[in-house]
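**Student:** As you go down the protein sequences, you meet chains A, B, C and D in turn. By numbering that gives the first Met the number 0, the letter at position 239 of the first sequence is numbered 238, and the numbering carries on one by one without gaps. By numbering that gives the first Met the number 0, the letter at position 196 of the second sequence is numbered 195, and the numbering carries on one by one without gaps. By numbering that gives the first Met the number 0, the letter at position 22 of the third sequence is numbered 21, and the numbering carries on one by one without gaps. By numbering that gives the first Met the number 0, the letter at position 262 of the fourth sequence is numbered 261, and the numbering carries on one by one without gaps.
To be clear, the hints were calculated from the coordinates, so they are not data collected in a lab. Glycine is no exception: its CB is placed at the ideal position from the N, C-alpha and C atoms. Take the hints with a grain of salt, since some may be wrong.
In silico DSSO-like links for lysine-lysine, alpha-carbon gap of 27 Å or less [claimed, not checked]: (1) A:356 / B:157; (2) D:400 / D:364; (3) A:356 / B:102; (4) A:9 / B:162; (5) D:421 / A:98; (6) C:152 / D:397; (7) B:102 / A:354; (8) C:152 / D:276; (9) D:411 / D:203; (10) D:162 / D:173; (11) A:9 / B:141; (12) B:117 / B:157; (13) A:98 / D:432; (14) C:158 / D:255; (15) D:196 / C:5; (16) C:168 / D:255; (17) D:173 / C:5; (18) C:5 / D:203; (19) B:82 / A:134; (20) D:172 / C:5; (21) D:193 / D:168; (22) D:255 / C:152; (23) C:158 / D:173; (24) A:356 / B:162; (25) A:98 / D:426; (26) B:157 / A:354; (27) B:117 / A:9; (28) A:354 / B:162; (29) D:276 / C:158; (30) D:276 / D:157; (31) A:134 / B:102; (32) D:387 / D:294; (33) C:47 / A:134; (34) D:172 / D:276; (35) C:168 / D:276; (36) B:157 / A:9.
Every beta carbon over 12 Å from chain B, so not counted as near; a handful from chain A, in silico [as the list claims (entries may be wrong)]: (37) 25; (38) 28; (39) 136; (40) 176.
Single-letter residue listing:
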Amino acid sequence: MFYRETGQYKTTYAADMAVFPILQDRIALGLMLLAVAVGVPLFAMLFPATGNYFLQVIMIPFLIFALAAIGLNILTGYTGLMSLGSGAFMGVGAFACYKLTTIFPDVPIVIWVVVSGVFSCLVGVLFGLPSLRIKGFYLAVATLAAQFFLQWCFVRIPWLFNYNASGAIEVPERTLFGLAVTGANATPLARYFVVLAVVAGMTWVASNLIHGRIGRSWMAVRDMDIAAQLMGIQLLPAKLLAFAVSSFYCGVAGAMMVFFWYATGAEPEVFSIRQSFFVLSMIIIGGLGSLVGSFFGAALIYIMPIVLGAIANWSGAPISAATIEHLRVMLTGALIIFFLIVEPHGLARLWQIAKQKLRIWPFPY
Amino acid sequence: MTHHRSDDIAPGDILLAVENVSLAFGGVKAITEVSFDIRKGEIRAIIGPNGAGKTSMLNVINGFYNPNEGRITFAGRTRPRMKPYEAASQGIARTFQNVALFKGMSTLDNIMAGRTLKMRRNFFWQALRHGPALDEEIEHRKFCEEIIDFLEIEHIRKTPVGKLPYGLQKRVELGRALAMEPTLLLLDEPMAGMNLEEKEDMSRFVIDVNNHYGTTIALIEHDIGVVMDLSDRIVVLEYGRKIADGTPAEVKSDQKVIDAYLGVAH
Amino acid sequence: MDILYKIFIDPFMQMGAAPDLLVQALWEGLVGGVLYALIALGFVLIFKASGVFNFAQGIMMVFAALTLVGLYEWMARHGVPAPAAIALVLTIGVMYVLAVSIEKFVLRPLVNQPDIILFMATFGLTFVLVGLGELIFGGEPKQMITEQLWLPKGSIDMKILGGLVSLQKIDIAAAVIASAMVAGLAVFFQSTRIGRALRAVADDHQAALSVGISLNQIWVIVWFTAGIVALATGIMWGARSDVSFALEIIALKALPVLILGGFTSIPGAIVGGLIIGVGEKLGEFYWGPLLGGGIESWLAYFIALAFLLFRPQGLFGEKIIERI
Amino acid sequence: MKIRTLALATAAGVALATALPVAASAQDAIYVPLFTYRTGAFAGSGIPIANGMSDYLNMLNERDGGIGGVKLLIEECETGYDTKKGVECYEQVKGKNPVITSPYSTGITLQLIPKAAVDKIPMLSMAYGLSASADGNIFPWIFNPPATYWDGASVFIKHVADKEGGLDKLKGKKIGLIHLDAPFGKEPITLLEKLAKDYGFELKLYPVAAAEMQNQSALWLGVRRDRPDWIYLQGWGAMNPTAVKEAAKVNFPMEKLVGVWWAGGDDDARAGADQAKGYKSLSFHAAGAEFPVIKDIQKFVVEKGKSQVDKAKVGENLYNRGVYNSMLIAEAIRNAQKITGKKAVTGEDVRRGMESLEISEARLKELGMEGFAAPVKISCSDHNGHHKVYVASWDGQKWTKGSDWMEPMKDKVRPLLEEAAKDYADKNAGWPKRTEACDKAS
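For reference, chain A alone in the conformation it holds in the complex:
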């Protein structure tokens, strides 16, 4: 009833090309941003105990994983290149950021977090080179090579972790405007703001890229690479660009994960193949080739188990933590299959359908 676009005439192409052409959508986006930028922090300040838990366990990791999912989605969802190495690219970002901030401690950490993406981007391009000759599932093996090789480097090159006896990244305290944003003294709120700003900014950029020439050429390569060449799109540069942007996003997500979520330290095992699978399952459930889907997927895959655990806890059912975990794993798998059967394009597509229904409600069509 309220969700109608009738009467909203677009008089310019610019208006028609907007990412959110419908007024209600823009209002909702504004409210949403207001909620996450003002509402959530306010809540966290009013109820610090639950608020901090909410920020640290739900919001911060959710945003970071959503960013990683966007990264992988650019490669796999938009360009159609299967990758099982996103975990390692996240690792490259994390280690790059650690090196940078320990070599140049005075530069604001946020800058290094973003710059670390550049390193991950370079490594991504390197491992993307075989995509010239290798297609489809075969390419997945090239990314597995990246995954295992990079993980080996994280353990084996002590220079990467500054020869720490712990063999891990030990996050030093860094401040922004005099406020600690990394390390044990950084409040979840401070870290949340940084993460939110980076994720919001990078999501905006991703949306811009996807809705323009570059996004079209990625999707063209995905949908029909032969025809794409006839449009004058060169396959290798297009694919490498996808690898570059994707790894950049994953790298920044990885750096943020260690610096703004874990905030104190992380061992190389964090960036194992399991991390890659984790992010991959997010984009499958959320929807391949959808930015919104990346957020949905991250929410479902990351937050769902926590909710399940909480429900089990709260209900007081005599189920052991291990059983919950087993059920959770099974449920994740079952959900993946279920969503693929009901809607192969993931939650994002279901969301669109729901919106369509809402638009014509109360009429069936």
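Dock chains B, C and D against the given chain A, drawing on the hints supplied.
**Tutor:** Here is chains B, C and D on its own, set in the frame of chain A:
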């Protein structure tokens, strides 16, 4: 409205020359020593029975296959080997026998994809999608909207092409090729699988394109009637060899062509 | 100069100096390769018949082995006679039920979906099997019941080449069983009605349908066969260490094997497995120390990648000509 | 687009978050969270430990009504040995006033070390985690008794020296270290390298990538080639049984293969069947069910069906390690009650209790642990104690005591350790100076 890079070639002059081209896959010969030319501004048909090498010929022209022998001169430039995207940047566009649209994208995006080569704003501006990048996007959007109007597909502008009926898909594919503002447009069976009404529409579009944009067209088509009506000149292939070349009237009366089509034993 | 010597000369000097170790390394590589090949084999079967890139093949191996041992332990505890044999039969039954369920609940609803969707579905299947396996049998690693299954133990030690070459009997058994299995499959494909039907499906789904073969049945049979192969692999690998879900990561090594062998070639899976197995063992043993060792985790992928750059279609795959 | 659902998710999350930390009312119970992992690739080692930890504390509740009359609120949080879930578990328990945390994963430990001081929750990483955290002056909130990995490695070298006939006999010997290629596995390298220099033996490293735990045959070929005289195994999870089996395969003498205490699971050794006879592993507590404390656990917890443990596995090595871990927690709480005079102690109290903890032979006997473990004493500067360790030996069925209790080479370990601690503080600019006062041992 067109600004071809081959402006120096006057209408009626030779735009594309195929000389002694041969192509083989493994031991199988697809094309054997075929020569013909396409003049600027004409509609040139390539016909022949199934397996005559017509599609292979188009693939050679736009660089998918490199001929084993012979050479191809386009707009005065002879090329030994070429990649499809180079052909695209020289002004050769193409539609496919089995529609090769970007199925996950909308009609508009498909046609906009045809503008890729004309868009110049770099990655940085694209990432911001403001200022020059947005202006450019709008400028090209205008161009594409003209094509959409021209092809009468306004109503499906935002529909993912995978969901469109076949006839419309063919039209979108033509639109995408037109968006490239090609000098030479290759159409591979643009009317295959269409009913009479759709064929008439499509014929009208082909003629309009030729008239309105002055685009040179080479087309493959099985419907002899359509071919005779549309084309200025026809080249006939059989088993990879050229058996006839000339105006519709000449070809129609050629004995070899009649034999080939009626299946007289050789 | 020194580094060149270490890379290009020294390893070969070592091989010459201790030929017994070289033979041993080759043997270990072959055995490892046979196991990789078996995982790849199950994979190829499914890919050939249904075009599904079955990511869950590795997990099926663990799941099968876990079921076998879990059932055995349960029955042994409850005093059931001949628990090993019954457990083996029951496990085969479980693999059949699994195949039927997968066909019914995963493949059938997803018929005609793009390959990537089916791949993703098997990715989901992986999680289901991990969760289910741990839920039923617990997360503790289990001992493979090698002796109870009449598999030999001990080793054959040969004093040759100025040293000792030791062949584990269980490894020999693995090689024999693998060969028997491949031979059996070959016979099955060549001379049984179902086998011919399977090949028909692999060539052309439509054609298979038109001669009256039910695709659903075929899928059940293929997944069941792959399940049996998985069980055999699980037993062998379980005997080498133990049965636990940690094996899942090792199963990923089947992917480079497939890359080498091609996704549709059974001989390819075998040869690819052996190349990867021998390649990574020799690489780790002779060249690994140059990098401080432990390079086995990524070497196989690099070997496959190197091959791929020269032969994108794999060793036995046909050259792909792109049709437009 | 995303807005609505995100809003919804947010709302749900908020509701959830408010519901979650059902704060254990600090008056009637002491909240002891246990991070455990009964799932994942390392579940094999995690399950017996989890059982032992839970069962001992439950036994205290059942038998004594808790500690000092205050019930213990015991809660397991499943980490799956995954740092992601470690963060979640920590945040979940943080709000409920835990008196101590034990993360049971090197990765989670490293991540929580800086947080302990900020949140005022002491952390017990019993004989794992960061060796350097034994320096109480720099890590006042972290405790890792009874021995560090460096102590373990030094005891291994002493054991080798014993068998070879003296430390001077080490010269020219070849000693191999097979280790998980991860921070945990690499930990002993520093010390072994130093000892190699001091005693003139040669150290050979054999790393095993986490993904290759069950695929070690190339490594053992290397062992055949290099012929090390002794091997020290710093492994975990599925890596251990595979190593034992491979050792048997290449005929490496079992009695010269010595695992760190985490390579001493019954399942680890059992995998090698009778060929594993003679396999050794360091330990700081006894295996077996014949101790009064284990009997009490059986009586009050296991028999009553209040445990997840398989009855036959009570008293196994890693089970007993869980018991030992919980005993340290319980004793620290008891000590805290004694120092502060409070019943319901807080994390800060338990930190003090831990820091002045002394468990004598007599106390061990009271606990029903005579002969189960060596006495423990922790001080303000030494949060580890570098206590005695012995070498356990697998007899084909169970772990037996294979050596006397041996003192680690504290003189070698301690300087390295203090240097590492200082290095840690230096690299983490702004690392807080210790401000916590020191209690005298009670």
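**Student:** For each hint, tell me whether it holds in the structure or not.
**Tutor:** Okay, the hints, checked on the actual structure:
For the hint linking residue 356 of chain A to residue 157 of chain B, the alpha-carbon distance of about 18 Å falls within 27 Å, and the restraint holds. Proximity of residue 400 of chain D to residue 364 of chain D is assessed by CA-CA distance (about 19 Å); at most 27 Å being required, the pair is judged to hold. Between residue 356 of chain A and residue 102 of chain B the CA atoms are separated by roughly 24 Å; this keeps the pair inside 27 Å, and the hint holds. Using a Cα cut-off of 27 Å, the hinted pair residue 9 of chain A and residue 162 of chain B holds, with the two alpha carbons roughly 25 Å apart.
A distance of roughly 20 Å separates the Cα atoms of residue 421 of chain D and residue 98 of chain A; the hinted pair therefore holds under the 27 Å criterion. In summary, the hint linking residue 152 of chain C to residue 397 of chain D is supported, as the alpha carbons are separated by about 22 Å, within the 27 Å threshold. Distance check on the hinted pair: residue 102 of chain B and residue 354 of chain A sit about 22 Å apart at the alpha-carbon level, within 27 Å; holds. Only pairs whose Cα atoms come within 27 Å are accepted, and residue 152 of chain C paired with residue 276 of chain D is accepted, the gap being roughly 16 Å.
With a C-alpha separation of about 20 Å, the suggested pairing of residue 411 of chain D with residue 203 of chain D holds against the 27 Å cut-off. Annotation: proposed proximity of residue 162 of chain D to residue 173 of chain D holds, straight-line Cα distance about 14 Å (limit 27 Å). Restraint check for residue 9 of chain A and residue 141 of chain B: the C-alpha separation of about 14 Å stays at or below 27 Å, so the hint holds. Annotation: proposed proximity of residue 117 of chain B to residue 157 of chain B holds, straight-line Cα distance about 22 Å (limit 27 Å).
Distance restraint check for residue 98 of chain A and residue 432 of chain D: the Cα-Cα separation of roughly 25 Å lies within the 27 Å cut-off, and the hinted pair is therefore satisfied. A hinted pair counts as satisfied when its Cα atoms are at most 27 Å apart, and residue 158 of chain C with residue 255 of chain D qualifies at roughly 24 Å. With a CA separation close to 25 Å, the supplied pair residue 196 of chain D and residue 5 of chain C stays within the 27 Å bound. Restraint check for residue 168 of chain C and residue 255 of chain D: the C-alpha separation of about 25 Å stays at or below 27 Å, so the hint holds.
Distance restraint check for residue 173 of chain D and residue 5 of chain C: the Cα-Cα separation of roughly 22 Å lies within the 27 Å cut-off, and the hinted pair is therefore satisfied. For the suggested pair residue 5 of chain C and residue 203 of chain D, the alpha carbons sit about 18 Å apart, so the restraint of at most 27 Å is met. Of the supplied pair hints, the one linking residue 82 of chain B and residue 134 of chain A holds, its CA atoms being roughly 19 Å apart against a limit of 27 Å. This hinted pair checks out: residue 172 of chain D and residue 5 of chain C have alpha carbons roughly 25 Å apart, not beyond 27 Å.
With a C-alpha separation of about 17 Å, the suggested pair residue 193 of chain D and residue 168 of chain D falls inside the 27 Å cut-off, and the hint holds. Using a Cα cut-off of 27 Å, the hinted pair residue 255 of chain D and residue 152 of chain C holds, with the two alpha carbons roughly 23 Å apart. Restraint check for residue 158 of chain C and residue 173 of chain D: the C-alpha separation of about 25 Å stays at or below 27 Å, so the hint holds. As the CA atoms of residue 356 of chain A and residue 162 of chain B are separated by approximately 19 Å, the hinted pair is consistent with the 27 Å bound.
Only pairs whose Cα atoms come within 27 Å are accepted, and residue 98 of chain A paired with residue 426 of chain D is accepted, the gap being roughly 12 Å. Only pairs whose Cα atoms come within 27 Å are accepted, and residue 157 of chain B paired with residue 354 of chain A is accepted, the gap being roughly 16 Å. Taken as a hint, the residue 117 of chain B and residue 9 of chain A pair is honoured in the structure, with Cα atoms around 26 Å apart against an allowance of 27 Å. Among the hinted pairs, residue 354 of chain A with residue 162 of chain B is consistent with the structure: their alpha-carbon atoms are about 19 Å apart, no more than 27 Å.
Of the pairs offered as hints, the one joining residue 276 of chain D and residue 158 of chain C holds, with about 25 Å between alpha carbons and a cut-off of 27 Å not exceeded. Distance hint between residue 276 of chain D and residue 157 of chain D is fulfilled; the C-alpha atoms sit about 22 Å from each other, no more than 27 Å. Annotation: proposed proximity of residue 134 of chain A to residue 102 of chain B holds, straight-line Cα distance about 19 Å (limit 27 Å). Restraint check for residue 387 of chain D and residue 294 of chain D: satisfied, since their Cα atoms lie roughly 25 Å apart, inside the 27 Å limit.
The suggested pairing of residue 47 of chain C with residue 134 of chain A holds, with an alpha-carbon distance near 18 Å, which does not exceed 27 Å. Simply put, residue 172 of chain D and residue 276 of chain D have alpha-carbon atoms about 24 Å apart, close enough for the 27 Å limit, and the pair holds. Only pairs whose Cα atoms come within 27 Å are accepted, and residue 168 of chain C paired with residue 276 of chain D is accepted, the gap being roughly 20 Å. Taken as a hint, the residue 157 of chain B and residue 9 of chain A pair is honoured in the structure, with Cα atoms around 14 Å apart against an allowance of 27 Å.
With 12 Å as the threshold on Cβ separation, the claim that residue 25 of chain A sits away from chain B holds: the shortest Cβ distance comes to roughly 16 Å. With a cut of 12 Å on Cβ distances, residue 28 of chain A stays outside the contact zone with chain B, its closest approach being about 16 Å. For residue 136 of chain A, the condition that its CB be more than 12 Å from all CB atoms of chain B holds, with the nearest at approximately 19 Å. Residue placement check: residue 176 of chain A keeps its beta carbon more than 12 Å from all beta carbons of chain B (closest about 26 Å).
Violation of the numbered hints given earlier is absent; every hint is satisfied by the structure.
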